[in-house]
Amino acid sequence: MPMGVSGQAGKSRPETGIIFRDGSEVSRDSKSGNVLTEIVLNANAAEPTAVLTSFTSPWPLAKGAVFDVECRDSSTGDAAFLSVSPKVNGKSIEELKSSFFTEALFSPTGRFAFYGPPTDVKVKKSYMVGSTRFIELGFSILSQSTGAEIPRNAIVVASIPEGTDEAVMLATSSTATRWRKGTEKDVRKVSESFKAVAAPKTGMKVRARVDKFDDSF
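Per my numbering, the very first residue in the sequence shown carries number 23; after that it's consecutive.
Errors might be hidden in some of the hints.
Simulated crosslink set (DSS-like; lysine-lysine; CA at most 30 Å straight-line) [what the hints assert, rightly or not]:
| # | residue 1 | residue 2 |
| --- | --- | --- |
| 1 | K53 | K85 |
| 2 | K109 | K144 |
| 3 | K227 | K147 |
| 4 | K113 | K217 |
| 5 | K146 | K227 |
Simulated from the structure, these hints should not be mistaken for laboratory data.
Using the sequences and the hints, build the whole thing.
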């Protein structure tokens with residue numbers, strides 16, 4: 023899913039649900055590949071919750087107003103991005119149906135739908151590893167250059183940080199062709215590195231960062 027600047031023109035900014043904590047930026051260590059940032063959940067509550075998110079990526083940070091927290095290889099389309107779900111209404115991560123996650127990730131305004139609605143979305147596996155949910159799936163997206171449908175495989179990992187009512191998700195994917203040639207190993211490694219935990223409480227008030235963007239690019 024390579025994304026050039028020209029391909030972004032006139033497109034609305036994808037909605038990932040990511041709200042950064044005031045003063046927080048996304049960083050990636052070039053040696054370890056570790057990606058770290060601090061986001062805010064329950065942002066409209068009297069006492070929002072700060073959450074530390076991290077994962078390890080072999081791909082560089084994607085730069086530009088259209089990206090929140092995303093790493094990608096612009097030449098192959100291999101990518102990983104963070105997203106936040108709607109309210110889970112008190113359910114545990116294990117109780118949620120797989121469709122809860124796919125509907126959030128593949129919504130018309132979501133990241134995967136940047137070039138058009140994904141098709142053939144199929145959940146292949148859903149399982150728990152500790153307190154983290156893993157969902158393996160396949161789908162197709164439109165090619166930016168040719169308009170043809172390109173099959174992709176993805177692993178979505180999700181967890182609900184303590185004291186919150188939203189799931190933080192990391193979606194990592196590659197084309198089905200590259201998956202068969204070995205990229206599956208990279209996708210699994212990125213997915214297994216994901217963590218989202220409530221930040222230690224300090225005397226500093228948790229505030230959401232105010233970001234100003236145009237409606238389209």
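Each hint, compared with the structure:
no., hint, verdict
1, K53 <-> K85, "holds, 18 Å"
2, K109 <-> K144, "holds, 23 Å"
3, K227 <-> K147, "violated, 40 Å"
4, K113 <-> K217, "holds, 19 Å"
5, K146 <-> K227, "violated, 42 Å"
Hint check: violations occur at hints 3, 5; the rest are consistent with the structure.
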